[in-house]
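Using the hints, put the two standalone chains together into the complex.
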Amino acid sequence: MIKKRDLLVILALALAACALILILPRLRPAPAADAMYYVRVTVNGIARDPVALPASGETTIELTQETGENNVLTLTPSGVHMTSSSCHNQLCVQQGEVTPENRFERPLQSLIICLPNRVTAELVTKEEAGQ
Amino acid sequence: MSKKTARVALMGLLTALMLILGYVESRIPVLISVPGVKLGLSNSVLLYALLLMGWKEAWLLMLTKVLLSCLLFGSPAVLIYSLAGGALSLIAMTLLRGRLGVIGVSAVGAVAHNLGQLMAAYLMGFAPLPALAYYFGVLTLAALVTGCLTGLIAGLVMKRVKPIG
Chain A
2 MIKKRDLLVI LALALAACAL ILILPRLRPA PAADAMYYVR VTVNGIARDP VALPASGETT
62 IELTQETGEN NVLTLTPSGV HMTSSSCHNQ LCVQQGEVTP ENRFERPLQS LIICLPNRVT
122 AELVTKEEAG Q
Chain B
651 MSKKTARVAL MGLLTALMLI LGYVESRIPV LISVPGVKLG LSNSVLLYAL LLMGWKEAWL
711 LMLTKVLLSC LLFGSPAVLI YSLAGGALSL IAMTLLRGRL GVIGVSAVGA VAHNLGQLMA
771 AYLMGFAPLP ALAYYFGVLT LAALVTGCLT GLIAGLVMKR VKPIG
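Order-wise, the sequence lines are chains A and B.
So the first sequence is numbered by the working numbering: it starts at 2 and just counts up by one.
So the second sequence is numbered by the working numbering: it starts at 651 and just counts up by one.
Chain B extracted, bound-state conformation (with noise of 0.2 Å):
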């Protein structure tokens, strides 16, 4: 199998694990009833592939997945939310990369995470600004728990399972 074969075949993979990870997820249910907060688990995977494949990679998944889980399970209105959640997030994982570990780099993605999807809500007239910068406080501590689960996560499969290609 070719280089470039393997490569496209891994990236169905990750798109696919992706996709999976965030249905399942919308099964589990979340212990607060504070709208926005979940385990973000597909974003073990995309730092997987931030890390250990590129930022190209990472970008490209993100993007798809975000564009397909929005066609199967959402509405357009989310994909703005996710897009700007995911961009945000992305930025700042691929300029930390190196600079902090795993668990660093996801914990702070999960909050920008959070403030990209804010911001857009701000934006889109959905709520007024002293309401929001508080919720964000509150998704901010909510955001460090996960992202440093999701991050310890990706850690682990990154020491086991080295991307082919």
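In isolation and in its complexed conformation, chain A is listed as follows (with noise of 0.2 Å):
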């Protein structure tokens, strides 16, 4: 059923995976310390205008489809997260905050996903938007 070579050929890929890992998010440019952050949100893969973090209280986005989906993004000073969703597994209210600290040690890096609702949002600095 496992011959020598399956294994061999699982171990390539859990190293291979491992160093994409471990290598892409070095790869990318410190942004400045004082960066502007925005949030990039697109539904059905459609991009709508950048929103920028609020410098004090929360903004919400609330994002209604025609075919019935509901999200509701929550930006704080600190970040962005999915207070509400629809959807039928809350893996997006599940995945937390994005911050400009953590946006790229989390699994989904500086995004946030709601695979049911084809919606995203994205934590991106203002050069990255290009505002």
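Treat the hints as calculated values from the structure; they're not laboratory data.
Just so it is clear, CB atoms sit at the ideal spot from N, CA and C, and this is done for glycine as well.
Only true hints are included.
Covered stretches of chain B (chain A as the covering partner; in silico rule of three or more C-beta atoms under 8 Å from a C-beta of chain A): (1) 684-696; (2) 744-753; (3) 756-769; (4) 775-785; (5) 791-800.
Simulated DEER-style distance windows between Cβ atoms: (6) B:Pro679 - A:Arg27: 27 to 37 Å; (7) A:Thr84 - B:Leu710: 40 to 50 Å; (8) A:Ala33 - B:Leu806: 48 to 58 Å; (9) B:Lys809 - A:Arg6: 17 to 27 Å; (10) A:Gly58 - B:Val728: 33 to 43 Å; (11) B:Leu806 - A:Ile47: 38 to 48 Å; (12) B:Leu729 - A:Ile47: 17 to 27 Å; (13) A:Met2 - B:Gly662: 19 to 29 Å; (14) B:Leu806 - A:Thr75: 46 to 56 Å; (15) B:Ile730 - A:Thr75: 25 to 35 Å; (16) B:Leu663 - A:Thr75: 44 to 54 Å; (17) A:Arg6 - B:Ile741: 16 to 26 Å; (18) A:Thr77 - B:Gly662: 45 to 55 Å; (19) A:Glu128 - B:Gly724: 33 to 43 Å.
Structural data, given as structure tokens:
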């Protein structure tokens, strides 16, 4: 059922995956300490205008689609998270907050993804947002 | 019962099994909140068909399962991801069949499934490439674990249950 060659292939793939996870975050240029952060939202693959993180208080972005899906994003000075979603698995809500500090250490990097509702939110710097 | 009838019946049975496993699996909570990580139990059935029946049967099963599960539980957008993942996975598994053991074929198939889905996501403008590449690394580690498990299940079943017809 399992051959020596199987183990080698599995080990090689595991090593390649680890290399990808360890090396990719280091290739990112370090943003300036006073960088401004924006949230870039896509719905059904269509990008919306980036929204800046508020200096104080919180901003909510409600995304309601014609087909009934509903997602609510909350932006605070520290970062962005999905507060609620009409999807069945709630993985996007469980993905937690993306902050400038953790955005290259999360499995999904700077993204929050709701696959069932086809919504993504990404925390980007002003330069990355192309503002 | 003629050979052909037996084969049609078996194919129907396997299709139903794949659909049920896919549904049962969607009811099992995942331990990590990374979308796309799942056990892929129905791949055990597909492996069984690919290794004991033939590649034509496996492709037919995969296409039927993808179409039916999208009609029953999903949406047209899901169809593209499922097809991309299913096709790339089955291409990899068909090529590796005979060269690797069941577990190896299954593990590589699981990784290829993720790759297919992420390629579809990239082509549809779902997310930028660097984030997807990192995500692929995370998914690959998960796929190697789940792929070995489903391969083990397929191997155990293949030893005990032979296809009729």
